[in-house]
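Q: Sequence order for the protein chains is A and B.
If you count by this note's numbering, then the first sequence holds residues 1 to 235, one letter each, in order.
If you count by this note's numbering, then the second sequence holds residues 1 to 454, one letter each, in order.
Worth double-checking, as some hints may not be accurate.
Have a look at the derived ranges for each label pair, beta carbon to beta carbon [what the hints assert, rightly or not]:
#1 A/Leu-46 with B/Glu-33: 46 to 56 Å
#2 B/Ser-78 with A/Arg-60: 20 to 30 Å
#3 B/Glu-118 with A/Trp-138: 41 to 51 Å
#4 A/Leu-57 with B/Gln-356: 53 to 63 Å
#5 B/Lys-193 with A/Ala-73: 50 to 60 Å
#6 A/Trp-138 with B/Ala-14: 30 to 40 Å
#7 A/Arg-60 with B/Asn-35: 27 to 37 Å
#8 B/Ala-172 with A/Ala-73: 55 to 65 Å
#9 A/Trp-138 with B/Ala-242: 51 to 61 Å
The set of hints was computed from the structure by calculation and includes no laboratory data.
Heads up, the beta-carbon is just placed ideally off N, CA and C, and yes, glycines get one too.
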Amino acid sequence: MTAAYALIRIGEFVNGEVSYHEVLEVFGKAAVTAVRVLVLIALASLVWVPIGVWIGLRPRVAQMVQPVAQFLAAFPVNLVWPVAVVGILKFHLNVNIWTSPLMILGTQWYILFNVIAGASAIPTDLKDAAGNFGVKGWLRWKRMILPAIFPSYVTGAITASGGSWNVSIYSEYVSWGETNLVATGVGAYIFENSAKGDFPRIALGTGVMVLYVMLFNRQIWRRLYRLAEERWRIE
Amino acid sequence: MDTAAPRELLIHLANVRKSFRAPDRSERVVLDEVNFRLQEGEIVALLGKSGSGKSTLLRIIAGLVKPNGGDVLYRGKSINGPAHGISMVFQSFALFPWLTVQQNVELGLEAMGIPPEEREERATQAIDIIGLGGFESAFPRELSGGMRQRVGFARALVMQPDVLLMDEPFSALDVLTAETLRGDLLELWHDRKIPTKGILFVSHNIEEAVTIADRVLIFSSDPGRVKAEIPVNLAHPRDTEAPAFKHIVDEIYGIMTQHPQRAAGAAAEPLSLGYRLPEATPYKIEGMLEALAEEPLNGKADLPALADILQLPDDTLFHLLEAGRIFQFIKVEHGDVAMLPRGQAYVEAEDAVRKQIFAEQMLTNVSLASHIRRVLDERRDHRAPEDRFIQELEDYLTDDEAERVLEQVINWGRYAEIFDYDYTSGVLSLPEEEEEERGEDLPPPSEEPAAPAP
Numbered sequence: 001m002t003a004a005y006a007l008i009r010i011g012e013f014v015n016g017e018v019s020y021h022e023v024l025e026v027f028g029k030a031a032v033t034a035v036r037v038l039v040l041i042a043l044a045s046l047v048w049v050p051i052g053v054w055i056g057l058r059p060r061v062a063q064m065v066q067p068v069a070q071f072l073a074a075f076p077v078n079l080v081w082p083v084a085v086v087g088i089l090k091f092h093l094n095v096n097i098w099t100s101p102l103m104i105l106g107t108q109w110y111i112l113f114n115v116i117a118g119a120s121a122i123p124t125d126l127k128d129a130a131g132n133f134g135v136k137g138w139l140r141w142k143r144m145i146l147p148a149i150f151p152s153y154v155t156g157a158i159t160a161s162g163g164s165w166n167v168s169i170y171s172e173y174v175s176w177g178e179t180n181l182v183a184t185g186v187g188a189y190i191f192e193n194s195a196k197g198d199f200p201r202i203a204l205g206t207g208v209m210v211l212y213v214m215l216f217n218r219q220i221w222r223r224l225y226r227l228a229e230e231r232w233r234i235e
Numbered sequence: 001m002d003t004a005a006p007r008e009l010l011i012h013l014a015n016v017r018k019s020f021r022a023p024d025r026s027e028r029v030v031l032d033e034v035n036f037r038l039q040e041g042e043i044v045a046l047l048g049k050s051g052s053g054k055s056t057l058l059r060i061i062a063g064l065v066k067p068n069g070g071d072v073l074y075r076g077k078s079i080n081g082p083a084h085g086i087s088m089v090f091q092s093f094a095l096f097p098w099l100t101v102q103q104n105v106e107l108g109l110e111a112m113g114i115p116p117e118e119r120e121e122r123a124t125q126a127i128d129i130i131g132l133g134g135f136e137s138a139f140p141r142e143l144s145g146g147m148r149q150r151v152g153f154a155r156a157l158v159m160q161p162d163v164l165l166m167d168e169p170f171s172a173l174d175v176l177t178a179e180t181l182r183g184d185l186l187e188l189w190h191d192r193k194i195p196t197k198g199i200l201f202v203s204h205n206i207e208e209a210v211t212i213a214d215r216v217l218i219f220s221s222d223p224g225r226v227k228a229e230i231p232v233n234l235a236h237p238r239d240t241e242a243p244a245f246k247h248i249v250d251e252i253y254g255i256m257t258q259h260p261q262r263a264a265g266a267a268a269e270p271l272s273l274g275y276r277l278p279e280a281t282p283y284k285i286e287g288m289l290e291a292l293a294e295e296p297l298n299g300k301a302d303l304p305a306l307a308d309i310l311q312l313p314d315d316t317l318f319h320l321l322e323a324g325r326i327f328q329f330i331k332v333e334h335g336d337v338a339m340l341p342r343g344q345a346y347v348e349a350e351d352a353v354r355k356q357i358f359a360e361q362m363l364t365n366v367s368l369a370s371h372i373r374r375v376l377d378e379r380r381d382h383r384a385p386e387d388r389f390i391q392e393l394e395d396y397l398t399d400d401e402a403e404r405v406l407e408q409v410i411n412w413g414r415y416a417e418i419f420d421y422d423y424t425s426g427v428l429s430l431p432e433e434e435e436e437e438r439g440e441d442l443p444p445p446s447e448e449p450a451a452p453a454p
């Protein structure tokens, strides 16, 4: 209800200032950002799920890794961006693709943290049972590890995805000295218009982004979460 | 002596030793010089107090834990990792919550690479034999504890195990459910409806062990060793009221309550600071003493009779008996327990006097209590942080155990009103009244008399 009301107010505010054509364009840009978020979450998951599981199943390693991971999570990722700008310019890389990793740099750790927590919470008896019945290799992943970490993985992925949408405002518009690299996306749109102080457009961009994030949460994450809660909870 | 053809040796352990490295890098020996044989046609029970390494022993045989020394053989071959032919049933059931009953039971077959059709057929058969037919598509959470453990059994039996290992399989179930499941398992075993050749199980219930097993092994703790072996040559089904049955139960109680000094000279003296105080609340100790003093026991009982009246698990009873012994309220000998004069005085006294007697016995016999009291007496503000004592205890015990022992002595000390404890600040102090009395001949405390956080 509140969300609908807010959308109507934003609509009123934007109406007259911005053409319908531009509104559609912003929705298109948000779709590009959405694809970016999804692809990057998928890539980060491919990297961090196996690593997180490996760590989580080894309590001593988990203990040692924790402070390192906390440091990495607290590290201000903006400091890395100039490196990206220099790299993209030097190798003439596609701005739309190569600025994308920046948005996951700071948020990927949520996936790692949660997967570690999920894997270390697997009861010893369950691991012993799998061992006793000769469950090894891919079967062990399919029948034990993946279902066991699923709920905490989803939590991590939701947090990482939400964070990445926010970061897109900076990461789709990267500057270093005189150089500006602008990717297509709703993040860059918001950034450009906040630089100009164009309130209706900021409202439009932000509104569309919020709409997408809510849609994402409803259509993807919440469903996965319910599945995790209902079927894959360890009692 | 068995004059028939020699029975095959299923499991053979020789001088098995297992130790763990505690987080503080000290080494803790869990099993030491354990020798054990399981022969074809035998059911063997392992009994022992917690911390005697029984569960670890099962996991060593299951190939889940590697021993630090000694030989572990299954049919003459060394066990390196989980062996096909040895299946395990867990106290916690250890079912996969996201798999149905059918999928849980099929899991081991799936791992063997057996095609789906055969898997399904064999699993259905195992589910039927264990009495779960109709529940194939249910998830574990939909089932009661007893039914869940039936899934645990079906999952183990579908592998047609040669050796069945069971880690306290019935202890998470209520008495009636446990009895039914136990009976069903014994029926399958005696009627040879399962191909299993030998069963080894851990129990904490003496009567259960004697009901099922052909042989009972009793483990001592710290480190775990085989302390005694009792054969049970009674025909099945066994009558728990029969004198021969009761005699064996009695004998086992006797062995399990023997004082540790006789077994191992290195064990801590009962009065040393780092003695592992038993887990027993004053009210439970009180209850035990009252039951012992009253009709029909009148101050003397054999342990099974006392266990029967108190209706407590054996573990809990042993802790109570040890507490009673430390306080010199009772004496325990050859499986019999008898009231001592101080115990009698305690039972006959009123509540306030009971506390006094408890306090006196505690200060004389529990050196940790008198030590804490002395420290508090000597300090000007009569307060001391608990960490101080935990650190002292850690010279003798692991971190967790040190905390547990201090918690236990605090529990007693509060009841006896020999010291007080504030949970939020973790500070021990003398009880209020005494603090005031003593405060008179001391200069007033310099700080605000502010109480620790509520």
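Q: Confirm or reject each hint.
A: Cross-check of the supplied hints:
1. Checked against the given bound of 46 to 56 Å, the beta carbons of A/Leu-46 and B/Glu-33, roughly 49 Å apart, stay inside it.
2. Hint check: B/Ser-78 to A/Arg-60, Cβ distance near 28 Å, so the stated range 20 to 30 Å holds.
3. Between B/Glu-118 and A/Trp-138 the C-beta distance comes to about 21 Å, which lies outside the given range of 41 to 51 Å.
4. Checked against the hint of 53 to 63 Å, the C-beta distance between A/Leu-57 and B/Gln-356 comes to roughly 54 Å, which is consistent with it.
5. Judged by the Cβ atoms, the range 50 to 60 Å given for B/Lys-193 and A/Ala-73 holds: they are separated by roughly 57 Å.
6. Between A/Trp-138 and B/Ala-14 the Cβ separation comes to about 37 Å, which falls inside the hinted range of 30 to 40 Å.
7. Distance hint check: the CB atoms of A/Arg-60 and B/Asn-35 are about 32 Å apart, consistent with the given range 27 to 37 Å.
8. Remark: the range hint 55 to 65 Å for B/Ala-172 to A/Ala-73 is contradicted by a beta-carbon distance near 40 Å.
9. Distance hint check: the CB atoms of A/Trp-138 and B/Ala-242 are about 54 Å apart, consistent with the given range 51 to 61 Å.
Checked against the numbered hints given earlier, this structure breaks hints 3, 8; the rest are met.
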